[in-house]
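Chain by chain, the residues run as shown.
Protein chains: 4
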Amino acid sequence: MDSGLTKSRIEALCDGVFAIAMTLMAFNVKVPSRSGGSGAVSLAAALFELWPQFLTYIISFVILGVYWIGHHNQFHYIRRSDRVLLWINIIFLMFLTAIPFSTGVLGEYPNDQIAVVVYGSNLLLVGLLLYCQWWYATSKHHLTDPGLDPAIVTMAKKRILIGPCILLLAIAVSYLNTKFSILIFAVLPVIYIIPGRIDQHWSPRE
Amino acid sequence: MDSGLTKSRIEALCDGVFAIAMTLMAFNVKVPSRSGGSGAVSLAAALFELWPQFLTYIISFVILGVYWIGHHNQFHYIRRSDRVLLWINIIFLMFLTAIPFSTGVLGEYPNDQIAVVVYGSNLLLVGLLLYCQWWYATSKHHLTDPGLDPAIVTMAKKRILIGPCILLLAIAVSYLNTKFSILIFAVLPVIYIIPGRIDQHWSPRE
Amino acid sequence: MDSGLTKSRIEALCDGVFAIAMTLMAFNVKVPSRSGGSGAVSLAAALFELWPQFLTYIISFVILGVYWIGHHNQFHYIRRSDRVLLWINIIFLMFLTAIPFSTGVLGEYPNDQIAVVVYGSNLLLVGLLLYCQWWYATSKHHLTDPGLDPAIVTMAKKRILIGPCILLLAIAVSYLNTKFSILIFAVLPVIYIIPGRIDQHWSPRE
Amino acid sequence: MDSGLTKSRIEALCDGVFAIAMTLMAFNVKVPSRSGGSGAVSLAAALFELWPQFLTYIISFVILGVYWIGHHNQFHYIRRSDRVLLWINIIFLMFLTAIPFSTGVLGEYPNDQIAVVVYGSNLLLVGLLLYCQWWYATSKHHLTDPGLDPAIVTMAKKRILIGPCILLLAIAVSYLNTKFSILIFAVLPVIYIIPGRIDQHWSPRE
Numbered sequence: 034m035d036s037g038l039t040k041s042r043i044e045a046l047c048d049g050v051f052a053i054a055m056t057l058m059a060f061n062v063k064v065p066s067r068s069g070g071s072g073a074v075s076l077a078a079a080l081f082e083l084w085p086q087f088l089t090y091i092i093s094f095v096i097l098g099v100y101w102i103g104h105h106n107q108f109h110y111i112r113r114s115d116r117v118l119l120w121i122n123i124i125f126l127m128f129l130t131a132i133p134f135s136t137g138v139l140g141e142y143p144n145d146q147i148a149v150v151v152y153g154s155n156l157l158l159v160g161l162l163l164y165c166q167w168w169y170a171t172s173k174h175h176l177t178d179p180g181l182d183p184a185i186v187t188m189a190k191k192r193i194l195i196g197p198c199i200l201l202l203a204i205a206v207s208y209l210n211t212k213f214s215i216l217i218f219a220v221l222p223v224i225y226i227i228p229g230r231i232d233q234h235w236s237p238r239e
Numbered sequence: 034m035d036s037g038l039t040k041s042r043i044e045a046l047c048d049g050v051f052a053i054a055m056t057l058m059a060f061n062v063k064v065p066s067r068s069g070g071s072g073a074v075s076l077a078a079a080l081f082e083l084w085p086q087f088l089t090y091i092i093s094f095v096i097l098g099v100y101w102i103g104h105h106n107q108f109h110y111i112r113r114s115d116r117v118l119l120w121i122n123i124i125f126l127m128f129l130t131a132i133p134f135s136t137g138v139l140g141e142y143p144n145d146q147i148a149v150v151v152y153g154s155n156l157l158l159v160g161l162l163l164y165c166q167w168w169y170a171t172s173k174h175h176l177t178d179p180g181l182d183p184a185i186v187t188m189a190k191k192r193i194l195i196g197p198c199i200l201l202l203a204i205a206v207s208y209l210n211t212k213f214s215i216l217i218f219a220v221l222p223v224i225y226i227i228p229g230r231i232d233q234h235w236s237p238r239e
Numbered sequence: 034m035d036s037g038l039t040k041s042r043i044e045a046l047c048d049g050v051f052a053i054a055m056t057l058m059a060f061n062v063k064v065p066s067r068s069g070g071s072g073a074v075s076l077a078a079a080l081f082e083l084w085p086q087f088l089t090y091i092i093s094f095v096i097l098g099v100y101w102i103g104h105h106n107q108f109h110y111i112r113r114s115d116r117v118l119l120w121i122n123i124i125f126l127m128f129l130t131a132i133p134f135s136t137g138v139l140g141e142y143p144n145d146q147i148a149v150v151v152y153g154s155n156l157l158l159v160g161l162l163l164y165c166q167w168w169y170a171t172s173k174h175h176l177t178d179p180g181l182d183p184a185i186v187t188m189a190k191k192r193i194l195i196g197p198c199i200l201l202l203a204i205a206v207s208y209l210n211t212k213f214s215i216l217i218f219a220v221l222p223v224i225y226i227i228p229g230r231i232d233q234h235w236s237p238r239e
Numbered sequence: 034m035d036s037g038l039t040k041s042r043i044e045a046l047c048d049g050v051f052a053i054a055m056t057l058m059a060f061n062v063k064v065p066s067r068s069g070g071s072g073a074v075s076l077a078a079a080l081f082e083l084w085p086q087f088l089t090y091i092i093s094f095v096i097l098g099v100y101w102i103g104h105h106n107q108f109h110y111i112r113r114s115d116r117v118l119l120w121i122n123i124i125f126l127m128f129l130t131a132i133p134f135s136t137g138v139l140g141e142y143p144n145d146q147i148a149v150v151v152y153g154s155n156l157l158l159v160g161l162l163l164y165c166q167w168w169y170a171t172s173k174h175h176l177t178d179p180g181l182d183p184a185i186v187t188m189a190k191k192r193i194l195i196g197p198c199i200l201l202l203a204i205a206v207s208y209l210n211t212k213f214s215i216l217i218f219a220v221l222p223v224i225y226i227i228p229g230r231i232d233q234h235w236s237p238r239e
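Protein chains in written order, with the working numbering: chain A, 34 to 239; chain B, 34 to 239; chain C, 34 to 239; chain D, 34 to 239.
There could be a bad hint or two in this list.
The list cannot tell twin chains apart, which means a pair is met if one copy fits it or any two copies do.
[Stated by the list, open to error] Only pairs whose alpha carbons sit at most 20 Å apart, straight line, appear in this in silico SDA-like list of lysine to any residue: (1) K40 x W168; (2) K63 x E141; (3) K63 x F128; (4) K191 x P85; (5) K173 x Y208; (6) K212 x L76.
Hints in this document: simulated from the structure, not taken from any laboratory.
Use the sequences and the hints to build the structure in full.
Shown next as structure tokens:
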């Protein structure tokens, strides 16, 4: 390990940031105020009006789940850390902690094309940093086990890149129809949840 | 373990989310503002007016404690993890992180039947996901120790289902009287805190 | 351990709650708004006006530090856990997570006697639960090592009780002068920071 | 270890506080409100106006990353803990948790010299406490391995002091030009990210 910064230490910081970002996101959805303008509006109606915020919250939470799994899958194969890997992770976390903000923007402005671009770009950057980490760690088996099967490396690369490609598509589509972009965001995690070919290399281990 | 996502990693994320949700809930109770409308109102009166929020905070905190214990009790017997278990946990956490929100709704609208339904449904979903996890992990001893006593599996199932049943009752009762529903919410954790038959299988181990 | 709830699991939840409560407390101190009423007021003056909030923040942070050390010192001797210990900890955490709220109340109303009583009572309850845990765990060496020196048990009991006694004094004094109460709160951690007789039993171990 | 407060326990608290401070900082950047005064302003313009807050967020996040790495590098060499080290850490965390506040102040008032002084002083105090910890732990190899090379101790001391020196410079420069101070803040982490002579002692270890 580089200067005592063991793999497990990086994982602990990442797990912490993931847990907090996931929990804080729910705090973007504000409890409707009793002292709201028109007293006639019922609580049910006030909660129903929040549906874009609930929807973006659910989408972001599940995508964070996908990234969390992806991050850990990588660290299963990463054996060592160095200064560059460390900083890739810190930049990764920097964009990760911005997801609650861009989720809030999209929840507040679900029909605004700019909001879709901001949200999509944020997720895109997180996905690219995940790719960047895998590429850096596996190039010449730099930080991984020398016996790591190159087929797994390549398969994982492709799998990680699916996300950024779909996100680019969602951003492009937003110029035509923002509702369709949000649909694409919602579909993204489904693709990762469905078991893929790479699972044959991983699955039921003790 | 499935692809490096060890049991302990899932537990770390869950512990983090539990700790943050518990601590953030207290932040729904806002410090009364000095610049409030009527300067004549004393701090004591302003704090006293917050009692529904204190009450719902206490109830939610103790129920989160019950769920935390339940989650860990399950992981005591779960030996392996797979992709499905992982996603059950992520969905479990998604509804868990919504508890501070629905607690805030109930604290703000303690007499509104909709608020009781929202709060009860949220707790119900968390309880059902806990049941779902136990059912999935123990079916055919899929992810547990093959030697696990089927009596424990069945007893735990019954014990986990007590919560959702009581929550359904509280939701039903809300159509008659919301105050009585809140009383049922308050009684719920007491049932779990009292030692049950299952404790004979667990208790004083080193 | 009782049903998989190992000592370390309780410690992880507690460490998480301590870390979050400590960090969130700083969020009670709001950045002065640019769009504030009188544009003539300088930032320096606006920040200076926040001094009661800075002061209470510092006092609470250091007291949380004292409690954190106290909690861990106890777990150094506690070997087992059971359902009661678990619930003592959950109730302990419940009052702990309220400290940012009562700190906010005191910071907003430093001259209000009610605020001093609220703050002091909150700290008192946390301190008493810490005492309660030590009393429960050590009675008949229930959850501790049988070889634990009774002198340490008694000495620790006395040391833990110093806090609640001083807090009772501060609450009583608030009926005369709230400023003097706040001074007593500030002195409290100093007493614990200064090495005591109990350190002879603990100190420089590997 | 002193009374059960193992090194790893301190690290867990610190990692937690770092993770939360990093994630919460992003919450200082508020989602622009839909119900803002002038409806004519576009979301793009509203987001663009937030640029000082994004900039200070990025600077603070990267500096927190530098401090996190520095803290862990020290604990790689620290073998024991005692009461003083514990309190150095608690005070270190106290100033660390204030960074989101002072970042918010600088983001809100990027042209105000007071904001630059507040921000710089906060970072300076954190840096000095890090130095203080290293000085305390290594003096007479008090808490470190007796075999620790004195050259590493000295080199690390110099490296840690670079930060406070640059921060003092930035504070001084703020009396002339606050924009230049912010530029110096931005350059600070770059100096630490670039590999230094000390890396020869650390780097590619298993």
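Hint-by-hint comparison with the structure:
1. For a Cα distance limit of 20 Å, the shortest separation of K40 from W168 inside one copy, 17 Å, qualifies, whereas the shortest one across copies, 27 Å, does not.
2. In this assembly of identical chains, the alpha carbons of K63 and E141 lie at most 20 Å apart whether taken from the same copy (11 Å) or from different copies (12 Å).
3. Taking identical chains as interchangeable, the C-alpha atoms of K63 and F128 lie at most 20 Å apart only when they sit on different chains, with a minimum of 16 Å there against 23 Å within one chain.
4. Taking the closest pair of Cα atoms, K191 and P85 never come within 20 Å of each other, the shortest separation being 32 Å inside a single copy and 37 Å across copies.
5. Taking identical chains as interchangeable, the C-alpha atoms of K173 and Y208 are never at most 20 Å apart, the minima being 41 Å within one chain and 51 Å between chains.
6. For the homomeric pair K212 and L76, the shortest alpha-carbon distance between copies (17 Å) is at most 20 Å, but the shortest distance inside one copy (26 Å) is not.
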